[in-house]
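> As you go down the protein sequences, you meet chains A and B in turn.
What the first sequence shows, in the working numbering, is residues 1 to 441, in sequence order.
What the second sequence shows, in the working numbering, is residues 1 to 480, in sequence order.
Some hints could be false.
Claimed, not checked - Among the chain A residues that face chain B by a calculated CB cut under 10 Å, a handful are:
(1) R39
(2) A42
(3) E51
(4) W53
(5) V335
(6) N348
(7) L351
(8) D356
(9) T358
(10) K373
Said to hold, decoys possible - Derived pair list, reagent style EDC-like, types lysine to aspartate or glutamate, alpha-carbon separation capped at 20 Å:
(11) K332(A) / D322(B)
(12) K373(A) / E419(B)
(13) K379(B) / D356(A)
(14) K345(A) / E419(B)
(15) K349(A) / D397(B)
(16) K341(A) / D397(B)
(17) K366(B) / D338(A)
(18) K410(B) / D322(B)
(19) K345(A) / D415(A)
(20) K379(B) / D415(A)
(21) K410(B) / D356(A)
(22) K349(A) / E408(B)
(23) K373(A) / D322(B)
(24) K376(B) / D322(B)
(25) K332(A) / E408(B)
What the hints assert, rightly or not - Covered stretches of chain B (chain A as the covering partner; in silico rule of three or more C-beta atoms under 8 Å from a C-beta of chain A):
(26) 387-400
(27) 410-417
(28) 422-429
What the hints contain is simulated information worked out from the structure, not anything from laboratory work.
Note that CB positions come from ideal geometry on N, CA and C, so glycine has one too.
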Amino acid sequence: MAVAEAHDLYRARFDALAARREATDPIWLAPIRARAMQRFVALGFPTTRHEEWRFTNIAPIAATAFAEPSITAVDRSTIAPFDVRGMSCTRLVFVNGHFSEALSSAGALGAGVRATNLATVLAVDPGLVDPYITRCASDEDQALVALNTAFAHDGAVIHVPARTVVPDPIHVIYLSTTSGAPTVSHPRTTIVVGDQSQVKIIESYGGPDGEVYFTNAVTEVVGGAGSHVEHVRVQRESLSAYHVANTQVRLDRAAVYAQHSFVFGGALARNDIGAWLGAEGIHCTLNGLYLASGTRLVDTHTAIDHAKPHCESHEVYKGMLDGASRGVFNGKIFVRLDAQKTDAKQTNKVLLLSDDATINTKPQLEIFADDVKCTHGATVGQLDETQLFYLRARGIGEAQARAMLVHAFASEVIDHVSLEPLRDSLESTLLTLLPKAALIG
Amino acid sequence: MSTSTDTIEQLATQEYKYGFVTDVESEIVPRGLSEATVRAISQKKNEPEWLLEWRLRAFRAWLEMAEPAWHNVHYPAIDYQDIIYYSAPKPKKQLASMDEVDPEIRATFKKLGIPLDEQMRLSGIAVDAVFDSVSVATTFKDKLKDLGIIFCSFSEAVLEHPDLVRQYLGTVVPHTDNFFAALNSAVFSDGSFCYVPKGVRCPMELSTYFRINAKDTGQFERTLLVADEGAFVSYLEGCTAPIRDENQLHAAVVELVALDGATIKYSTVQNWYPGNKDGVGGIYNFVTKRGKAMANAKITWTQVETGSAITWKYPSCILQGDNAVGEFYSVAVTNNMQQADTGTKMVHLGKNTRSTIVSKGISAGKGQNTYRGLVKINKGAAGSRNYSQCDSLLIGDRCGAHTFPYIEVKNPSSTVEHEASTSKIGEDQIFYLRQRGLSTEDAVNMIVNGFCKEVFRELPMEFAVEAQKLLGISLEGSVG
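The shape of chain A in the complex, shown without the other chains (with noise of 0.2 Å):
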């Protein structure tokens, strides 16, 4: 399929939407709709002559016609390898880009929070979602952000009054099921934190393997003054699916935000994380560990914008590929020409496990500001051989003094979540996709 005809397709799914729209979609969204609509359509998919996508090729997403998903019920088994075990937690699930009402749960959430789904949202209180949708993630630029926009029927919406502390972590599962023909579907996660609040929230995205389908997700955040979110994404699509995700965070004075994100599957995984820092005093971390082996490609593209004084970013991000695989990286960071006192810290590694891996990174500084702290590093290699030599020494066979290093290198990462039995079920879902983790004993 041409890529013409790929915006026709969704031109003409959009139109003979909108008379269903016109029944749910509170009366403001549907300018914002049709903008947005407007803005796919003269954006197009991007394609490798566009800087941001130069080494990211989605034709493959461009040329297949996705179906829009029915309304499927699953047993609880089927979210069972996503859900975390032994925590106690509120759990939004969604099927297909459905709320499940069912296989949703609700823990400990402290008065006021709003932990619910966008299209209840949209048909009882849209004043909820009102003053920040599209507010974050812009339209104007980025095609798939827009084609989300015009979409997006569903998703989580977490709402924290001022002066609140959530006390179970917040998780909110998106899965696609096995369906015949692939289908797509574009989560809109919009999270709103109000001052000196804090709760921890998970995003994880999964479906069957071999599965191809196509989760187009946004991930709007809004965190107040003084408050603290820790973000944690975990990524654990089919291997034959694509996602791409774009998740962007405005910040207020004196907020901590802490994102952890982890990358497992996909056969072509896009991941664009954007953090304004609005304010003076903020704290903010990205961290990030990719994973890639056969033919998959994935794709890190995240940019931190000091916009105003005494704020803080750090940065790690991990990768290891193997196979004839592919890793992306480009980590941005902006300091506006007010931005003095900014400490900003980022830092890529990437381990190129096979000969026919391939990896690209570009770590990005744009600094208008004199008195400033920003460093970057980046290093692409294989293990270091003075540390395989340390354990060959104390008898460790070669092939698990590789195992090891390689396993220490992927945990560090992990070691940043605060969850335990999150860090725990991450552990487990490393043992089984790192090479030789049998070794590890």
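Put chain B on the given structure of chain A with help from the hints.
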């Protein structure tokens, strides 16, 4: 020094006479660029047929190309049809004494500590017999000839060593390489050519300074350096003295060929007119520099970029042979309204190839300094290694420093390391030096020179000394 208003005015108007051209009508190719222009240039230079063909191919390729827009520099659109692409070497107005020279330039000379005779030569003053640099140069030329080293202007080489030129021209920077390289290939006026035969170690630093008939090479300069197997050559380009030019657009091409086991050291000091405080005037410098290193060969680029309103250059190394080494050391200074987008490309093709990148960017005033680099390790480049370091120093709160390092690795046995930092001159550092009796300006100079030490170390000694002073001048008025 007491100067009456009269002389000040006189001097002020004199600035525009600088590099004055008298009657050159007959020697100019008409304004604009077409096949006829390319043919006219080639004809005026009595070039052989093959070179004309090559120029025309480049011109046709250029027509198909679009001016790049990916860089991080901004300038008004250039009208390529409003440029005179060739004019015969301009007879510079001979001045009678140093008093006639622009006082600003004289002051700079003094600060750089350039000897008087050299000052005169650079200013275009008739030098008396004692200081005749031509005779000095002749002695050098004889010495080079004995060793079989060819070092002459590009036009001379085309006529006298056509086979060598033909063999290597465009092998590193093809005529279709990029917009500005294609433009240069079509209309290049002159430049330098150097060939060092097998196993010969060039006994002196070569520089255009010593090249006989080193006329004004104009805005489209082309340099080709070939070091045959096992040869060594160190080449200096540019000079620290301020250079003003009426041509705003400069698009030069430099090609280096280091055959097996050869070493080429290429050092540049660029100090073209950067424009005034508001960025008016100033040279646009779009340069393509690339070297090809065969087995066991080594290419070192060292550059100190302080001039030009816009600097756009990426001296690169293609490490084609096994064990080849590429190095890039750079200091780029942007002050006032200057913009620089510079860096390097290291393309590792051979096994066990190594590259080092040390880039120091200094921004002051409203200057914007960009490092843009590529480290590419191809599949076959087993055991390759790269170390990159790019540091930025910001002076003032209205300037910018940007880094765009691209890293592409396709080989697991290679190691790539990249580090970047941005910092400013600490109050405490300045305070420490001020306490010890240094003026703020001297303190800043000292700190900046310390920051750039790793690069200056790579420059030939005399160059390094001058470069340090030059840095001080370029940053004048940016502190306090």
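> All the hints need checking, so say for each whether the structure fits it.
Hint check:
Because the beta carbon of R39(A) sits about 22 Å from the nearest beta carbon in chain B, more than 10 Å, this interface hint is broken. For the restraint placing A42(A) at the interface with chain B, the shortest Cβ-Cβ distance is roughly 20 Å, beyond the 10 Å limit, so the hint is violated. Evaluation of the E51(A) hint against chain B yields a held restraint, the C-beta minimum of about 7 Å falling below 10 Å. Because the beta carbon of W53(A) sits about 14 Å from the nearest beta carbon in chain B, more than 10 Å, this interface hint is broken.
Annotation: interface hint on V335(A) holds; nearest CB of chain B at approximately 8 Å, less than 10 Å. Taking 10 Å as the C-beta contact cut-off toward chain B, the hint placing N348(A) at the interface holds, the least distance being around 8 Å. The closest approach between the C-beta of L351(A) and any C-beta of chain B is roughly 8 Å, which is under the 10 Å cut-off, so the hint is satisfied. For D356(A), the interface hint holds, since its Cβ comes within 10 Å of a Cβ in chain B; the closest pair sits about 8 Å apart.
This hint holds: T358(A) has a C-beta 5 Å from the nearest C-beta of chain B, less than the 10 Å allowed. Because the beta carbon of K373(A) sits about 7 Å from the nearest beta carbon in chain B, less than 10 Å, this interface hint is met. Taken as a hint, the K332(A) and D322(B) pair is broken in the structure, with Cα atoms around 34 Å apart against an allowance of 20 Å. With a C-alpha separation of about 13 Å, the suggested pair K373(A) and E419(B) falls inside the 20 Å cut-off, and the hint holds.
As the CA atoms of K379(B) and D356(A) are separated by approximately 8 Å, the hinted pair is consistent with the 20 Å bound. Proximity of K345(A) to E419(B) is assessed by CA-CA distance (about 11 Å); at most 20 Å being required, the pair is judged to hold. Straight-line distance between C-alpha atoms of K349(A) and D397(B) comes to about 32 Å, which puts the hinted pair past the 20 Å bound. For the hint pairing K341(A) with D397(B), the CA-to-CA distance comes to about 12 Å; that is within 20 Å, so the pair holds.
Pair hint K366(B) plus D338(A) holds up; C-alpha atoms about 14 Å apart against a cutoff of 20 Å. The suggested pairing of K410(B) with D322(B) holds, with an alpha-carbon distance near 17 Å, which does not exceed 20 Å. Using a Cα cut-off of 20 Å, the hinted pair K345(A) and D415(A) holds, with the two alpha carbons roughly 19 Å apart. Using a Cα cut-off of 20 Å, the hinted pair K379(B) and D415(A) is violated, with the two alpha carbons roughly 34 Å apart.
The suggested pairing of K410(B) with D356(A) holds, with an alpha-carbon distance near 7 Å, which does not exceed 20 Å. Proximity of K349(A) to E408(B) is assessed by CA-CA distance (about 13 Å); at most 20 Å being required, the pair is judged to hold. A hinted pair counts as satisfied when its Cα atoms are at most 20 Å apart, and K373(A) with D322(B) does not qualify at roughly 39 Å. Annotation: proposed proximity of K376(B) to D322(B) holds, straight-line Cα distance about 15 Å (limit 20 Å).
A hinted pair counts as satisfied when its Cα atoms are at most 20 Å apart, and K332(A) with E408(B) qualifies at roughly 17 Å. Residues of the segment 387-400 of chain B lying with their CB closer than 8 Å to a CB of chain A number 8, which satisfies the three-residue condition for coverage. Given a C-beta distance limit of less than 8 Å, the hint that chain A covers the segment 410-417 of chain B holds, as 8 residues qualify and 3 suffice. Here's how the segment 422-429 of chain B fares: 3 of its residues keep a CB closer than 8 Å to some CB of chain A, so the rule of at least three is met and the hint holds.
Going through the hint list in order, the structure does not satisfy hints 1, 2, 4, 11, 15, 20, 23.
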